[in-house]
Amino acid sequence: MGVSVEGGKGRGKGMMVDLNLVPFIDFMSCLIAFLMIAAVWTQIASLDVEQSISNEPPPPDQEPPPVPPVPPLTVHVKADGHWIGRKVEEGLQVPKDGELYDYAKLEELLVKDHETYPVEEMVIINTDDGVPYEEMIQVLDLSRKIGYPKTLLAGGPPSATPAEGAAPMPGGG
Amino acid sequence: MSAIVTPGRRPAFTPIGRLRSSPLSGGKKGMFVSLNLTAMVDMFTILVIFLIQLFTASGEVTLNDRIKVPKSIAGNLLEEGGTIIMMDDDGTILLDSMAIPESEMGTELDIVIPGMSSRLKERREFDLDIKKRRGEPADPTQPYDGIIIIQADVKTDFRNVRRVLASANEAGWAKIKFVTIPSKAIDPNAPAEGAAPAPAPAG
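Here the protein sequences come in this chain order: A and B. Final position of the first sequence in my numbering is 173; the numbers increase by one with none missing. Final position of the second sequence in my numbering is 203; the numbers increase by one with none missing.
Rather than coming from a laboratory, the hints here were simulated on the basis of the structure. Possibly wrong hints are sitting among the right ones.
[Claimed, not checked] With a straight-line Cα cutoff of 16 Å, these simulated EDC-like cross-link-like pairs (lysine to aspartate or glutamate) come out:
1. A:Lys-150 with A:Glu-120
2. B:Lys-175 with A:Glu-50
3. B:Lys-68 with A:Asp-18
[As the list claims (entries may be wrong)] Computed footprint of chain B on chain A, listed as stretches where at least three residues anywhere in the stretch have a Cβ under 8 Å from a Cβ of chain B:
4. 24–37
5. 41–51
6. 105–111
7. 145–158
Quick reminder that beta carbons are idealized off the backbone N, C-alpha and C, glycines included.
If we strip away everything but chain B, and leave its shape as in the complex, we get (with noise of 0.2 Å):
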């Protein structure tokens, strides 16, 4: 004689997570069913880690599609970051992504860019009071350290790049780095070719 079912709601499926009275416990425990999330947290820190070690100085540097920079054979790997100069091809130049007021950019015929220049022997002395307070001084036999990165366009007149890099000398910079895209892959470990001091022109 079957038993007696009595008629009702039964449930049309089974919930996951802690099953219930299944038929196959016997209906006496419980069971927890998990996730193994070894493996995914595994993942997940090497991924992080990964992702970590590929922060450079460079991510102060974004290549826009305005701005095509020249390709190159010989350079260094952009490891230091510094003040950014863009130009672009239609004269537009920025310091730090800010502009130069048109009233400070001077004429054509000024070797200098007034603006430029004021502009960046600010930021010198900021950085060197900075640097005094610190308990830092810097030496005063040694030109000053800071890097101007100067992203340019490969169609931006000479002159324009001209103007900047004399800017740069009377306020003070000596570090001039220009950005380029490697032709091939750059060896981070290959010794630095280059940046040797440039002796006093004689003109």
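Same shape as in the complex, but just chain A (with noise of 0.2 Å):
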């Protein structure tokens, strides 16, 4: 690439300044193949949860956390359906339909929950053991998709009963 610049005195001639661009291009196809190499080209998501650590003693003078008036809404994923309610003899069976989990009708009643407690955040989600991690995903993210912010996963072996099933881990998640 040549520059061209005017003589000095204004005599007739220009001068021809040349800039030599091959390393900087060579610097360039470099860069981009490495970048285009290491992009990211495909979006990746998370669902965040925050567990909050139990082994950590409280502090003395703190008092214990007041008992909620309402019973936090809970969602067992069971390898049979689901169970979701707030208080054990109020719960609800959603069966499997076939070999799927019914998310349609676990949505409606999410979202009806949602409506009688608007200000409620809270979901525990109790997983049993078997059960392949997707369907626990599926839950976490139908919750946040109707407006509960905060979850608790919990898990255990397989039960019969939703409340026996409803053991959260140590900490929570």
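Combine the two chains into a complex, taking the hints into account.
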């Protein structure tokens, strides 16, 4: 690439100054090749959960947290379907629709609960052992979508009744 | 009378670059042919800036064929990096691409995975020590701000996920992110939802 520079004292001829762009172009080509390989073309999302760390003792002057007036909503993910409710006796079973979990029905019940208790932010998702991880993520995703920003993950061996199964892990999740 | 042509070799083609004694210039001066590279250099610069902008921390998480991560609608864009735990459906668990030795996996009845818990604890203490030496000690009233990114296959048994979560909890790691693939494009400027702290469990 040449740059024309006018002669100093207005003489007739200009001077060609040559910038050597070859190393610059080489460098740029390498940089582009590297960045294209290293670039992330797929968007990755994440569902965030914050655990409460239970193994640190609370300060001695702290009062125990008050018992909430409304028990938290629990969704129990079992091998044969879901159980959803705030109290054991009022819980509803959402059986599997064939081989698949019935997320349409679960969503309906979650929306209904959210309309009844709009200020409640918390869902306990209790997943049995042996249930695929995807089913827990689906329930977590559904609850976030409907408007429950806090989640407590719980789990344990498969249990017959939801009350026994609703044992959060140490510290919850 | 025509000019006398001396026999001998003549160039068959004109060399590119400096053209000397071309018939058009009358054979007096050389001519310099140069490529106009301005447009290409401009394009390169813009491309480099665009590609550098694409760089995010989610580059730390690489998707592979062996681990099929679930889809989500409500997920936030993964922007922060952290300690990555990969799990596949046959029970293999990798902590930052390093497998936990079989002898430290514990049994299925154990609540935590001993090898995972001890390694995470070491990492947390190491990180806190570095912060202390740097003169930025962590606030003891706040939970540790390290992030665990769980990249698990859809078919993973929840038992394994539960044991990993319990190990992280025992080691003092509070923030967990489950890697998902968004069902729709995420607006990075949208306010983040969720990630609110969960209260201590009753059980």
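Cβ contact check, 8 Å cutoff: the segment 105–111 of chain A against chain B, three residues minimum: violated (count 0)
Verdict on chain B covering the segment 41–51 of chain A, where coverage means 3 or more residues with a C-beta closer than 8 Å: holds (count 10)
Given coverage of the segment 145–158 of chain A by chain B, tested with a Cβ cutoff of 8 Å and a minimum of 3 residues: holds (count 9)
Given pair status - Asp-18 of chain A, Lys-68 of chain B, alpha carbons within 16 Å: Violated, at about 55 Å.
Satisfaction of hint between Glu-120 of chain A and Lys-150 of chain A, Cα-Cα up to 16 Å: holds, 9 Å
Per-stretch coverage check for the segment 24–37 of chain A, three Cβ contacts closer than 8 Å to chain B: Result for this restraint: holds, n = 8.
Agreement of Lys-175 of chain B and Glu-50 of chain A with the hint, judged by alpha carbon distance not exceeding 16 Å: The hint holds at about 5 Å.
When each numbered hint is compared with the structure, violations occur for hints 3 and 6.
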